[in-house]
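Using the hints, position chain U against chain X.
Here the protein sequences line up with chains X and U, keeping their order. Each residue of the first sequence is one higher than the one before, starting from 1 at the first, in my numbering. Each residue of the second sequence is one higher than the one before, starting from 1 at the first, in my numbering.
I should point out that these hints are in silico values taken from the structure, not numbers from a laboratory. One or more of the hints may lead you astray.
From the structure, some residues in chain X lie toward chain U, with a derived Cβ separation under 8 Å [what the hints assert, rightly or not]: (1) Met1; (2) Leu5; (3) Glu22; (4) Gly35; (5) Gly36; (6) Ala38; (7) Ala48; (8) Pro49; (9) Leu50; (10) Arg58; (11) Lys82; (12) Leu86; (13) Gly102.
Capping the alpha-carbon separation at 27 Å, the derived lysine-lysine pairs in DSSO-like fashion look like this [unchecked claim]: (14) Lys14/X to Lys71/U; (15) Lys72/X to Lys59/U; (16) Lys28/X to Lys42/X; (17) Lys59/U to Lys2/X; (18) Lys112/U to Lys94/X; (19) Lys72/X to Lys13/U; (20) Lys59/U to Lys42/X; (21) Lys82/X to Lys28/X; (22) Lys93/U to Lys29/X; (23) Lys59/U to Lys14/X; (24) Lys42/X to Lys112/U; (25) Lys17/U to Lys94/X; (26) Lys17/X to Lys71/U; (27) Lys112/U to Lys82/X.
Keep in mind that this is a model prediction, so the values were computed, not measured. Even for Gly, the Cβ is constructed at its ideal location relative to N, Cα and C.
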Amino acid sequence: MKDFLLVFRNDYSKQPKASPEEMQAIMKKWMDWVGGIAAQNKLTTAGAPLAAGGKVVRGNNVITDGPYTEIKELIGGYTIVKADSLDEAAELAKNCPILGTGGNVEVREINAM
Amino acid sequence: MKDFLLVFRSDYKSIAKASAEEMQSYMNQWQGWIDSITAQDKLAGGNHLEAGGKVVNHKAVITDGPYTEIKESILGYLIIKANSYAEALVIAKACPILAGQGNTVEVRAIQKM
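With the rest of the complex left out, here is chain X (with noise of 0.2 Å):
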């Protein structure tokens, strides 16, 4: 088994503003979906939503506020799995809440340094 970075993104700008009632049936979507995976034990890392703003830094010391928007879906979060191959790291992400809102999931496998 190896482990398999999921990011997802967004684009935040499009997304309707929820109310409390459905921020709570999203966040339960989406530990629903963390739960099954655990199940499986193929979770790894349950990851973190990431805090609306940012920063990037370049070279020549430039900072710029804002998350990195050079295409329009932000990284909204990220979770690690664990998984035999590329493609049932990606099967495990066809059930990721996020694609519910227009979002995307990159599957990524992690380098054992």
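Chain U alone, transformed into the frame defined by chain X:
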């Protein structure tokens, strides 16, 4: 202390051109930088990623790439502890990846669940 995610972006194609000596020197710079964070007791985790990957889009369709094919693909990440963005940025500014043209470090606060 809060946790901050540092996301390293680079062009994988430019890295492939480095000689063995250049690669060794580069790895030493990374190790030195990471050791200095560890010495401050501010390292909380991180990983290097393999080139290539897959993306599961919002229709649950799996494709190769595409984030690894753009110039700014994610090379790896580190989780550090800092009291503020300002403190996290001091650490990020010393990252060896910034010596490469176009490379960036995204700094994001991790949300407590």
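Against which earlier hints does the structure fall short, listed by number upward?
Violated hints: 1, 3, 4, 5, 6, 11, 22, 25 and 26; rest satisfied.
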